[in-house]
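Fit chain X to the known structure of chain P by using the hints.
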Amino acid sequence: MTSLRTTGDATSAPPVVLEYKRVAKTYPTPQGGGIRALNPVELSIRQGEFITLVGPSGCGKSTLLNITAALIPSSEGDVLFKGSPMVQPDRRVGVMFQAPVLFPWRTVEKNVLLPAEIGGLHVNSIIERVRSVLDLVGLGEFRQSYPSQLSGGMQQRTALARVLAYDPEILLMDEPFGALDEFTREAMNIELMRIVRQSNITVLFVTHNIPEAVFLADRVIVMSPRPGRVSGVVDVPFGPLRSIEIMRDPKFTELVFQVRAILGEHE
Amino acid sequence: MSDRTATQPLNAVEAPAGARAKRGRWDRVLWRAGTLVVTGAFLLLWEALPSLGLVSEIILPKFSDIAVSLVKLVTGPIFPKHFQVTLIEIAFGFAIATVLGLVMGIGLAISPPLKQLTYPLVIAFQSIPKIVLAPVMITWAGYGIESKIGLAVIIAFFPVLINTMAGLDSVPTDWKRLMRSLRASRTQMFWKLELPYAAPVIFAGIKTALTFAVTGAIVAEFVGANAGMGYLIHAYAFQLRIDAMFAVIIALSMIGSALYFGIDWLDRRLIFWRSETA
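Here the protein sequences come in this chain order: P and X.
Mind the numbering: the first sequence is residues 1 to 267 in the numbering used here, read in order.
Mind the numbering: the second sequence is residues 1 to 278 in the numbering used here, read in order.
Isolated chain P, as found in the complex (with noise of 0.2 angstroms):
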């Protein structure tokens, strides 16, 4: 079990949107026993923060971004959003997976148009929001066409064009830009934390990749495998708006190292 202290004083920092109270997760086996994905996890998390999981596969940090969206129940403790307790998928919650998850038989457009549709929203009153959303993720022009006609990295820009035209105060992403070229998911996280920023947006953003877990948090998760669990937290002082130029700044190396060193003692 973990317990973690919360940055900020309590006094002129944002509101907490999320808070776990020692979250865990068992999956059963067949043989009658159980197998612990994820130890007792406390955590609070303020509203418009950027934060990143990071770990090892194995580490727990998908199932607690599933446990968070409510895709998979915990076997302990609540996830409290905004203080009572996820029980079910909320629609202020946008999730994005590695695969952009796009219906080949949409367009970009029907695709962004596809929570609405779910939601029972009139296409008109969200019409002009999603292409402004489209034009923000620089697909604008591309509205009409279908995925397999895009590149990996503006199938993650319509993906994450879906979430962010229903306005989410959380944005739960897992490992959203793991499957693309390096150049291109560093033009993404720099794209993504702009817009985040700007609409203040509360990010839990799983990668395993270290030095993006740094660039863009504000608090780096550190999670280690079996089993599952949080072994560290990394506070990252930048503030909120970067350029790929503190890669270069010292103090950026060693928070990377601050974090291999939580990882490399849990080996």
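Among the hints, erroneous ones may be present.
[Claimed, not checked] Calculated cross-link-like contacts (lysine-lysine; reagent style BS3-like; alpha-carbon spacing at most 25 angstroms):
| hint | chain 1 | residue 1 | chain 2 | residue 2 |
| --- | --- | --- | --- | --- |
| 1 | X | Lys115 | X | Lys192 |
| 2 | P | Lys110 | X | Lys176 |
| 3 | X | Lys176 | X | Lys115 |
| 4 | X | Lys192 | P | Lys110 |
| 5 | P | Lys21 | P | Lys82 |
| 6 | X | Lys192 | X | Lys176 |
[To be verified] Which residues of chain P face chain X? A partial, calculated answer using Cβ under 10 angstroms:
| hint | residue |
| --- | --- |
| 7 | Ser75 |
| 8 | Val93 |
| 9 | Ala99 |
| 10 | Pro115 |
| 11 | Glu117 |
| 12 | Ile118 |
| 13 | Ser148 |
| 14 | Ala159 |
| 15 | Ile190 |
| 16 | Phe238 |
[What the hints assert, rightly or not] A few chain X positions that, by computed beta-carbon distances, are all more than 10 angstroms from chain P:
| hint | residue |
| --- | --- |
| 17 | Gln84 |
| 18 | Ile96 |
| 19 | Phe125 |
| 20 | Val132 |
| 21 | Asp174 |
| 22 | Met179 |
| 23 | Leu182 |
| 24 | Ala184 |
| 25 | Gln188 |
| 26 | Ile271 |
Since the hints were derived computationally from the structure, they do not count as laboratory data.
Glycine included, C-beta positions come from ideal geometry on N, C-alpha and C.
Positioned in the frame of chain P, the structure of chain X alone reads:
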């Protein structure tokens, strides 16, 4: 089942877009020409073997004789009736098999208990070489078209059932999670994700069903019928009118091809994203 893959290796050669398009057009022309040459050579061989006395004309009549028989058959008085009977059997057999396969496949895929309960039976039935049921169908439903439709349904139904189940079962977890994160209802999950996702696989099953329905109708006609193209083949074989028999076979193959191209065309229109997901 995919006849389009035959042209795929051509595109594997990397070249600038313009040159590639031009080259692609040329390639297509060349391949068409090649196909014609191969078909021509085959027919020539067919003509030559009996003409040169290498094969007895009783076993393999000359292609030209068969062509004459074919024209005589198609323009003759008896053909429309037999043609119509077989076509009706195929159409009904195929339609019923498709609807039945879809309904059952969807039912079994969306209801795990139903699947659990009936799956052993489904597998057992599928393991029967279905043409052995031809005499059974004749006994049950007589010499008319009903028994032919029955066998066509039995044979054509399984590919639709199996593909519908497999297609609906193959939706990846993340895709379902996306829908759940949007709070999609069960109905929305089915219509907006599962059914379109499975559509290419389901349609492949439906295409197979069409070919199988033809086989089912003809086999049942062999076993016991008083009309239809299978009945004609059987009758001509008995009379040792081998050229007429081959003429019916060619007519059948033309019907089969026409139906197949029809459904393939429909497939490409309905499931326009197929090549892109594959």
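Hint numbers the structure violates, sorted upward? Per hint list: 7, 15, 16, 21, 22, 23, 24, 25 and 26 violated.
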